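Chemist: Counting in this note's numbering, the sequence shown runs from 1 upward without gaps.
Hints in this document: simulated from the structure, not taken from any laboratory. Any given hint could be a false lead.
Using C-beta positions, here's what the derived DEER-type ranges look like [unchecked claim]:
no., residue 1, residue 2, range
1, VAL71, ARG117, 38 to 44 Å
2, LEU67, VAL217, 21 to 27 Å
3, PRO9, ARG231, 45 to 51 Å
4, GLN49, VAL221, 33 to 39 Å
5, LEU67, ARG122, 44 to 50 Å
6, TYR42, GLU252, 47 to 53 Å
7, ALA157, PRO258, 18 to 24 Å
8, TRP41, PHE232, 24 to 30 Å
9, GLY193, THR166, 20 to 26 Å
10, THR166, LEU121, 26 to 32 Å
11, VAL110, ALA157, 39 to 45 Å
Just so it is clear, the structure is predicted and the values come from calculations on it, not from any experiment. By construction, the Cβ of each residue, glycine as well, lies at the ideal position given by its N, Cα and C atoms.
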Amino acid sequence: MWPVLFRIPLPGWELPLVGKVDAIPIYSYGVMLGLSLVVGWYLTLGLAQKDGLPRETMANNYVITALTAVVAARLLYVLTNLDEFDSFATLFSFNRGGLAVYGGFLGGFVGSYGYLRVKGLRLLPWADVAVPSLASGLAITRIGCYLFGCDFGKPLAETAPGWLKTVGTFPRWEDAALPTSGSPAWLRHVTTGQLEATATASLPVHPTQLYESLLGVALVVLLLWVRKRQRFRGQVFFMFTFAYGAGRFLLEILRDDPERGSLPGSLPQHVFVPLCLLLFAGGFGIAIARV
Numbered sequence: 001m002w003p004v005l006f007r008i009p010l011p012g013w014e015l016p017l018v019g020k021v022d023a024i025p026i027y028s029y030g031v032m033l034g035l036s037l038v039v040g041w042y043l044t045l046g047l048a049q050k051d052g053l054p055r056e057t058m059a060n061n062y063v064i065t066a067l068t069a070v071v072a073a074r075l076l077y078v079l080t081n082l083d084e085f086d087s088f089a090t091l092f093s094f095n096r097g098g099l100a101v102y103g104g105f106l107g108g109f110v111g112s113y114g115y116l117r118v119k120g121l122r123l124l125p126w127a128d129v130a131v132p133s134l135a136s137g138l139a140i141t142r143i144g145c146y147l148f149g150c151d152f153g154k155p156l157a158e159t160a161p162g163w164l165k166t167v168g169t170f171p172r173w174e175d176a177a178l179p180t181s182g183s184p185a186w187l188r189h190v191t192t193g194q195l196e197a198t199a200t201a202s203l204p205v206h207p208t209q210l211y212e213s214l215l216g217v218a219l220v221v222l223l224l225w226v227r228k229r230q231r232f233r234g235q236v237f238f239m240f241t242f243a244y245g246a247g248r249f250l251l252e253i254l255r256d257d258p259e260r261g262s263l264p265g266s267l268p269q270h271v272f273v274p275l276c277l278l279l280f281a282g283g284f285g286i287a288i289a290r291v
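Please work from the sequences and hints to get the whole structure.
Modeler: Here you go:
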């Protein structure tokens with residue numbers, strides 16, 4: 001769609017390890033990731049202030065959570081897609097996305113838990129104010145995925161509405177700043193024999209990136225609604241875990257991108273983790289009900 005938002009002209013410049021460049025591409029996914037972190041910052045600290053949590057501690061915890069989440073999300077993506085990386089340098093290239101949401105959840109959880117434990121603070125009050133920003137992050141970063149074309153869905157039925165086919169058709173683009181010579185959906189359909197290499201666009205597919213973006217918006221609304229009626233610590237966190245686990249499990253039925261990867265000797269990680277989230281949420285709910 002629009003993998004490079006714009007370019008910063010640098011005529012005649014030479015950059016270390018890169019050499020001479022005429023312009024620096026600004027990638028849509030990176031912009032959306034940055035925007036999600038900024039929005040999450042203000043949303044989290046605003047909710048923390050309303051709950052009477054120490055602002056400076058929460059601000060530091062947000063930074064630690066965000067950093068550990070990004071590192072863990074990248075690590076899980078690399079581990080489940082090792083064949084995608086042909087050099088050490090490509091491990092640090094984010095020009096086409098390459099973050100596993102579940103890794104981000106786990107990494108952020110571990111990072112925040114460690115910091116709060118050092119500070120002698122409880123985790124659940126933080127989790128309740130943090131998960132709305134996770135939902136807003138989903139809404140924003142999945143737009144970046146859509147602009148690049150990754151995380152696409154299965155081909156649409158012939159009877160699908162025309163507007164949905166238009167939204168779900170990804171053109172073949174060629175850009176020297178990008179790691180591949182075609183949008184991910186187009187490449188998938190060509191390599192699997194569903195399209196000829198001369199095709200100018202992919203087959204119409206489910207725009208699952210936008211589906212998940214809408215899921216993120218719905219989760220933000222739901223979580224803020226639950227906050228106003230919150231009856232116990234951890235209720236907002238529980239609702240996010242259950243609702244996202246269920247929603248993501250359903251979305252995985254429609255997805256068709258091969259980059260989701262799998263973990264050796266187990267279920268594919270895109271099936272295994274949503275099930276774990278649902279089981280965790282169910283166990284959490286049962287434990288609370290017995291208190």
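Chemist: Indicate, hint by hint, whether the structure satisfies it.
Modeler: Status of each hint after checking the structure:
1. Checked against the hint of 38 to 44 Å, the C-beta distance between VAL71 and ARG117 comes to roughly 19 Å, which is inconsistent with it.
2. The hint said 21 to 27 Å for the Cβ distance between LEU67 and VAL217, and at roughly 25 Å that hint holds.
3. Roughly 56 Å separates the CB atoms of PRO9 and ARG231, a value that falls outside the hinted 45 to 51 Å.
4. Take GLN49 and VAL221: their Cβ atoms lie about 21 Å apart, and the range 33 to 39 Å is violated.
5. The supplied range of 44 to 50 Å is broken by LEU67 and ARG122, whose beta-carbon atoms lie about 22 Å from each other.
6. Between TYR42 and GLU252 the beta carbon distance is about 31 Å. The supplied range of 47 to 53 Å is therefore violated.
7. The given range of 18 to 24 Å is respected by ALA157 and PRO258, whose C-beta atoms sit roughly 21 Å from each other.
8. Separation of TRP41 from PHE232 is about 27 Å and conforms to the stated range, judged on CB atoms against 24 to 30 Å.
9. Look at GLY193 against THR166: about 24 Å separates their beta carbons, and that is inside 20 to 26 Å.
10. Separation of THR166 from LEU121 is about 49 Å and departs from the stated range, judged on CB atoms against 26 to 32 Å.
11. A C-beta distance of roughly 42 Å is found between VAL110 and ALA157, which places it inside the suggested range of 39 to 45 Å.
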